[in-house]
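**Q** This is what each chain is made of:
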Amino acid sequence: MSNVLVFAEHLHKKFSKIALVAIGAGKAIAAQSGGDCYAAVCGSGIDDLANELAKYGVKGVFAVEHAALEHYTADAHAQALSALAEDKDCDIVVGTASSVGKDLLPRIAVRLGAGMASDVTAANDDGTLLRPTYAGNAMATISIETPRKVISVRATAFEPATVDGKAEVEKVAAKIDEAALKMKYVSFNETKSDRPPLTEASVIVSGGRGLKSGENFETVLEPLVDAMGAAMGASRAAVDAGFVPNDLQIGQTGKVVAPELYIAVGISGAIQHLAGMKDSKVIVAINKDEDAPIFQVADYGLVADLFKAVPEMKEAVEKLK
Amino acid sequence: MKILVAAKRVPDPNATIKVRPDGTGIVTDNLKYVVNPFCEIAIEEALRIKEKQEGGTEVVLVSLGEQASQEQLRTGLAMGADRAILVLAEGEVEPVVVARAFAKLVEQEQPDLLLMGKQAIDDDSNVVGQMLAEMLGWGQGTFASEIKFADDMASAVVTREVDGGLEDVEVQMPAVITADLRLNEPRYASLPGIMKARKKELKEIPLADLGIDQSAQVKTQTIAPPPSREAGKRVESVEELVDLLHTEAKVI
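Protein sequences appear in the order of chains A and B.
Letter 186 of the first sequence, counting from 1, is numbered 177 in the numbering used here, and no numbers are missing.
Letter 239 of the second sequence, counting from 1, is numbered 247 in the numbering used here, and no numbers are missing.
One chain only, chain A, in its complex shape (with noise of 0.2 Å):
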C-alpha cells in the first residue's frame, strides 16, 4: 500500500491539461497500490492554484510555499518536494515527463532513495510499467523494485483528471536549505501563439524542411493551420535550419503528441520524427517524394508539391466549414 504524491506544474498562475494528466495518472497508480492520492502546488502566492487543484478528485492537496520557489528550479523544487514526500508518507511521486518533470523528477529521486521510469505510457495492474526505448522501436516492461517511486508519464498516454469533488488544501512552509542553491532563475523566452499547445490541440498540421523557410512556414503553412484551427509543429530539420522556434519540434527529443489528426507536410518521416506522433489517430503525409518513409505510417498520404496542396487543401478545408 503506497500513496502517490503528484507534483502539478503550473505557468501563469495556470494549470495546463499536462498538470492536469499527471493527476490523472497519479490517481490510476495510487488505486492500483490501494493507497491515496494527493497533490502539490509549489511556488509563491498560490493560494488561488490550489483550491484549483483540489476539484480533481485527490484526498488532499498541498501548497507548498517559498520565496525560493517563485520560479522554478530543479534544486530548490527537488529539496521541497522529497521533503513533502517523506513528511506525508507518499513513497510513489508522479509527475509528467515535461521538460520541468524531466528536469527536475530524477533529483527526487536519488533524494528519496528511490528507482525511477521516465516516459512511461501504461502502469499495468501487476504494478509494472511500459516505457519506450529506441526512439519507441522497442518498448520495455519494468518494475521498479525499490520501496520508494518516482514516476514521469508521457503525457499523451494517461487520460487528464476531471472535476470531482473538493479536496482539503494543506498549507506547507517548505524546507529548503537555501544555502545550498546553486541555480537561479533568469528569463524566460516564451514563443507567444494564439494557436492551442501541442500537447493539447486535437488538430496538428507540421512542417518540415521542405517547406524551405521560416517565411514559408508563415505564408504557406499557417493559413491551413489556421484555417483548421490547430497547432503547428515542425521536424528537426525546420527547427534547426531556423525556420521555427525550438518549441515546435516534434519527436523523439521534442515534444511527443498524439492528436486526432496529424498532418506532415515537407517532412520525410525520420525514425526520431516517427517517435514523437506515430500515436496519433490518423497521419496524413503530404510529400513529394513518394519514397519517404512518413508514408509508411500515414493513414492517407498524398504525393504532391506542398506548395500547391496545401494552398489548395486550406480552401477545401474553408469550404467545408
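Fair warning: there could be bad hints in the mix.
Below 20 Å or equal to it, Euclidean Cα-Cα: the simulated EDC-like pairs (lysine to aspartate or glutamate) are [stated by the list, open to error]:
#, chain 1, residue 1, chain 2, residue 2
1, B, 258, A, 217
2, A, 299, B, 30
3, A, 312, B, 117
4, A, 272, A, 159
5, A, 8, A, 191
Covered stretches of chain B, as calculated for chain A (at least 3 residues, CB under 8 Å) [stated by the list, open to error]:
#, region
6, 82 to 96
7, 162 to 170
Under 10 Å between C-beta atoms, here's a sample of chain A residues computed to sit facing chain B [said to hold, decoys possible]:
#, residue
8, 169
9, 172
10, 173
11, 269
12, 273
These are computed hints drawn from the structure, not numbers from a lab.
Values in this document were obtained by computation on a predicted structure and should not be read as measured data.
From the three backbone atoms N, C-alpha and C, an ideal C-beta is built for every residue, glycine too.
Starting from the known structure of chain A, fit chain B onto it as the hints suggest.
**A** Coordinates of chain B only, in the frame set by chain A:
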C-alpha cells in the same frame, strides 16, 4: 580548468531496430555503434570551451560500458579530448548506477564542469545528468542550447530548450550541463587527430573497483515491439484527401 565529459556508446540512431522474439532485448547483429549524438555535442562543447581558454584546460572523457566502448572514447580523443576513462561493466547498467559511478569519478578528478548528452538514444531515459547533479549537490543546466560563462568562470548562464520556448538559468560551477541538439555542431575528427588519439591515455577501471552501490532499483521484465502502424492509402488529390478526412476518418 578541468572538464569531464561523459559519452555513451549507442547503436546508430538511423539503424532499424528489431526486437528479439524471446523478448530479452533488441537484435544486435550487424548493428553499427557510434558516440551518442548528444554526447558528441557535449564533447564538442568542452573542446570549444577549452579553445576559448588560454591554455591550462583539460578535457577528460568518461564512459561506462563494455570494452568496445573504447572505440567511442578514441573518437572523442581524436576530436581533441586529452584523456579518457572507461569504467568497464557488462551488459545494461541502469542509469542510477551509471550516475553513482560518475559521481565517484568526479570525486577522484574534481572537475570544474561536467558535460554530457541530455539523453542516450537507446534507453531514452534522460535522467543520468540530473541524478548525478543531485548526488553531487551541484546545480544543473539541462537541455542546453547555449552556455555563457561569467568572466570569472565561477558560474554560467545556460539557455535551455523547454516546452514553451527558451529558459535562461544561472548555475554556479561546478555544475552538470546536459547538451541538447542545437548547442553546437560537432567537428569531425581529423586524420592527425585520429593518429594522436592512439597515444592519448585511455584508462580502464572495472566497475567493481569503484566501490559503489550496484544494487538494482529497476528491473526490465521484457522488451516488445511497439504496436505496428501499417501504411494506409494513397490519395490522388487534395479534394479526395479532404473528402476522406471528413467522411471516412471523420476528423474534420
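**Q** Are the hints correct? Go through all of them and say.
**A** Right, here's what the structure says about each hint:
1. Simply put, residue 258 of chain B and residue 217 of chain A have alpha-carbon atoms about 19 Å apart, close enough for the 20 Å limit, and the pair holds.
2. Taking the CA atoms of residue 299 of chain A and residue 30 of chain B, the gap is near 48 Å; set against the 20 Å cutoff, the hint is violated.
3. Straight-line distance between C-alpha atoms of residue 312 of chain A and residue 117 of chain B comes to about 65 Å, which puts the hinted pair past the 20 Å bound.
4. For the hint pairing residue 272 of chain A with residue 159 of chain A, the CA-to-CA distance comes to about 38 Å; that exceeds 20 Å, so the pair is violated.
5. A C-alpha spacing of about 7 Å is found between residue 8 of chain A and residue 191 of chain A, which places the hinted pair at or below 20 Å, so the restraint holds.
6. With 0 residues bearing a CB less than 8 Å from a CB of chain A, the region 82 to 96 of chain B misses the requirement of three and the coverage assertion fails.
7. Under the rule that three or more residues need a Cβ within less than 8 Å of chain A, the assignment of the region 162 to 170 of chain B holds, with 4 such residues.
8. At a threshold of 10 Å, the smallest CB-CB gap from residue 169 of chain A to chain B is about 13 Å, leaving the interface hint violated.
9. Contact between residue 172 of chain A and chain B, as hinted, is supported at the beta carbon level, the nearest pair being about 8 Å apart and thus within 10 Å.
10. For residue 173 of chain A, the interface hint holds, since its Cβ comes within 10 Å of a Cβ in chain B; the closest pair sits about 3 Å apart.
11. The interface hint given for residue 269 of chain A is met, as the beta carbon of that residue sits about 6 Å from the closest beta carbon of chain B, less than 10 Å.
12. With a cut of 10 Å, the hint placing residue 273 of chain A at the interface with chain B holds, because the nearest CB-to-CB distance is about 5 Å.
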